Amino acid sequence: MVVVFTGPLVGLLISAFNKTLDPTSFSLWPDEFTLENFVQAKDKNVYLYLLNSFIVVGFGLLLQMLVSVFAAYSLARKKFRGMTIVMLLMLTTMMLPEEIIAIPLSLVLADLPVLHLNLIGTYAGMILPVGAWGFSILVMTEFMKEVPVELEEAARIDGAGELRIFATIIVPLCRPALGVIGVFGFTMIWDQYLLPLIVAPESDMWTLPIALRSLRSDEEVGIGVLLAASLLALLPSIIAFLAFQRQFMRGLTSGAVKG
Amino acid sequence: MTSTLAPAPRRTRSPGHAPKSVRWRGPLIAWLFLAPALLLFLYFKFIPMFVGLWKSLFKVQTFLGDEWVGFQNYETIITDSEFGAAIWHSVVLALGTTIGSIVLGLVLALLIEGPARYLWFVRTAAFLPVVTTMAAVAEVWRIMFHPADNGLLNIVIGWVGVDPQPWLASEDTSLWSIMLMSIWRGTPYDMMIFLAGLVGVDRTLYEAAAVDGASTWRRLRHITLPALRPVFWILFTLAAIRGLRVFVEVYVLTNGGPNGSSEVLMTLIYKLGFQKNELGVASAGGIVLFLATLVLTVIVQVLRKRQAT
Chain A
0 MVVVFTGPLV GLLISAFNKT LDPTSFSLWP DEFTLENFVQ AKDKNVYLYL LNSFIVVGFG
60 LLLQMLVSVF AAYSLARKKF RGMTIVMLLM LTTMMLPEEI IAIPLSLVLA DLPVLHLNLI
120 GTYAGMILPV GAWGFSILVM TEFMKEVPVE LEEAARIDGA GELRIFATII VPLCRPALGV
180 IGVFGFTMIW DQYLLPLIVA PESDMWTLPI ALRSLRSDEE VGIGVLLAAS LLALLPSIIA
240 FLAFQRQFMR GLTSGAVKG
Chain B
0 MTSTLAPAPR RTRSPGHAPK SVRWRGPLIA WLFLAPALLL FLYFKFIPMF VGLWKSLFKV
60 QTFLGDEWVG FQNYETIITD SEFGAAIWHS VVLALGTTIG SIVLGLVLAL LIEGPARYLW
120 FVRTAAFLPV VTTMAAVAEV WRIMFHPADN GLLNIVIGWV GVDPQPWLAS EDTSLWSIML
180 MSIWRGTPYD MMIFLAGLVG VDRTLYEAAA VDGASTWRRL RHITLPALRP VFWILFTLAA
240 IRGLRVFVEV YVLTNGGPNG SSEVLMTLIY KLGFQKNELG VASAGGIVLF LATLVLTVIV
300 QVLRKRQAT
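Those sequence lines, one after another, are chains A and B. Reading the first sequence from the start, the letters are residues 0 to 258 in numbering that gives the first Met the number 0. Reading the second sequence from the start, the letters are residues 0 to 308 in numbering that gives the first Met the number 0.
One or more hints might be untrue.
To be verified - For lysine-lysine, the following DSBU-like pairs were computed, each having C-alpha atoms within a straight-line distance of at most 35 Å:
1) B:K275 x A:K41
2) B:K270 x A:K43
3) A:K144 x A:K77
4) A:K144 x B:K304
5) A:K78 x A:K144
6) A:K77 x B:K270
7) A:K41 x B:K304
8) B:K275 x B:K58
9) A:K78 x B:K58
10) B:K275 x A:K43
Unchecked claim - Just a sample of chain A residues kept apart from chain B, beta carbon distances all over 10 Å, derived:
11) F53
12) L61
13) S73
14) E98
15) A101
16) Y122
17) D190
18) Y192
19) E201
20) D217
21) E218
22) Q244
It is worth saying that the hints were derived from the structure and are not from the lab. Quantities reported herein were computed from a predicted structural model and do not represent experimental measurements. We treat Cβ as the ideally placed atom computed from N, Cα and C, and that holds for glycine.
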């Protein structure tokens with residue numbers, strides 16, 4: 000079973016360092032070890048695409064975590080009118096896959112209502128839409144509900160203001176949940192395909208996943224560069240998963256089995 | 000910021016009422032903390048949704064201005080044979096992938112269930128396909144699907160004596176090849192969810208069944224599967240919805256080809272919207288996809304309720 004599920008990935012790992020450049024040279028046994036594919040990748044801008052991916056995922060994740068923590072604080076610790084509607088809206092966004100709104104989203108991004116900004120061809124166009132994610136907010140909200148009210152009350156009696164309570168008590172206690180939403184958010188943003196496809200028409204803004212397609216059709220380079228680039232596109236999420244496995248599994252079960 | 004609990008001058012007020020400033024301050028703070036999320040959702044989810052709904056009623060033309068066509072775009076979708084084929088392919092792909100992943104995931108979960116330490120490694124390794132980037136994985140599979148005798152998958156099936164297959168290159172096999180990769184990617188996820196569900200099965204029932212001399216099959220049939228029923232429903236709904244809106248897999252592996260044999264709704268919508276500039280029809284396609292998702296969810300919920308009672 001392990002072979003079936005990891006075989007293609009191991010094959011990629013081996014083939015990316017393989018010397019032969021024959022289009023079928025994907026194999027589970029190396030012929031000759033070489034780094035040449037990764038050197039050639041530089042001429043094909045692979046590292047620029049990788050950098051773009053990191054820019055988008057870095058700022059996107061930061062924004063997403065901030066937004067989630069703020070929203071969760073309100074949903075978990077406050078009672079206010081309209082809360083049910085807000086919760087319902089969050090759930091709706093989770094039911095509404097990005098693919099369905101891809102076409103109108105491209106129109107909205109080209110001319111933001113009221114603000115009249117054009118986000119096509121900007122990093123902001125790739126970052127802002129992933130900033131709010133229902134899943135992150137809900138996981139965070141569930142976690143924040145567990146923080147004892149007594150802590151908050153004690154701080155309030157000591158004269159701490161709202162922001163202080165939020166920043167010095169609630170957020171530090173939510174560190175494990177931050178790990179969960181961080182690793183899920185990372186893989187989610189890293190895996191984005193349609194959004195960068197819509198937003199980045201010029202190749203110098205492509206992220207690595209969408210750049211793979213053009214590497215494939217580039218006849219000057221062999222398949223080795225494509226494989227090297229694919230490996231680079233896969234590694235970050237694999238590393239994130241291996242490093243944060245426990246959080247990952249926790250998020251998985253809390254997100255799916257509930258209900 | 001002054002504390003709201005600072006001793007305020009006592010006025011004659013029933014004890015249940017907070018001073019006026021406190022009454023609106025609480026909700027205001029709540030809404031302020033929510034504002035970033037709501038604003039982003041508004042701009043990048045809800046407004047696009049309504050724009051899509053609105054544009055689906057127009058013939059969208061960039062310089063000539065939009066022309067109201069009513070439900071004509073929807074008519075196009077329903078009657079057009081290209082759309083019909085794409086919808087059919089989407090459904091086949093969604094169902095095949097969902098059922099394949101659930102069955103395989105369950106079998107694997109039952110096989111590797113247990114507390115043994117070494118299983119940790121098996122689970123981790125098996126889970127890797129789920130977290131990996133779709134676009135890169137699809138490139139890898141595209142190469143493995145190489146249709147000649149020396150394609151990797153053809154070599155592998157050659158070991159068990161199966162003739163080389165054309166995989167993505169033939170109209171007859173392209174959709175099934177995509178399904179194969181999707182099942183590969185979906186199975187570990189389902190397996191993990193089943194494993195999480197199996198933890199909740201009451202162990203004493205197994206012991207009781209063992210005492211009664213029940214066979215493994217009967218234990219599975221009468222204890223394990225009923226206990227997992229909620230998990231089945233969740234997985235089925237999630238996977239079927241995900242399957243209907245599949246895009247990247249098809250876009251990277253075949254881009255709908257050969258000869259439209261693997262065209263799905265999303266690849267068709269994408270081509271209409273971004274290559275042929277038929278934004279009105281493409282928007283209507285998005286709405287149809289949304290409705291299909293909604294209907295599917297409702298059906299599953301109704302079935303689930305009926306089974307539960």
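> Okay, which hints does this one fail, numbers in order?
Replying inline: Of the numbered hints given earlier, those the structure breaks are 6, 7, 9, 13, 14, 15, 17, 18, 22, listed in rising order.
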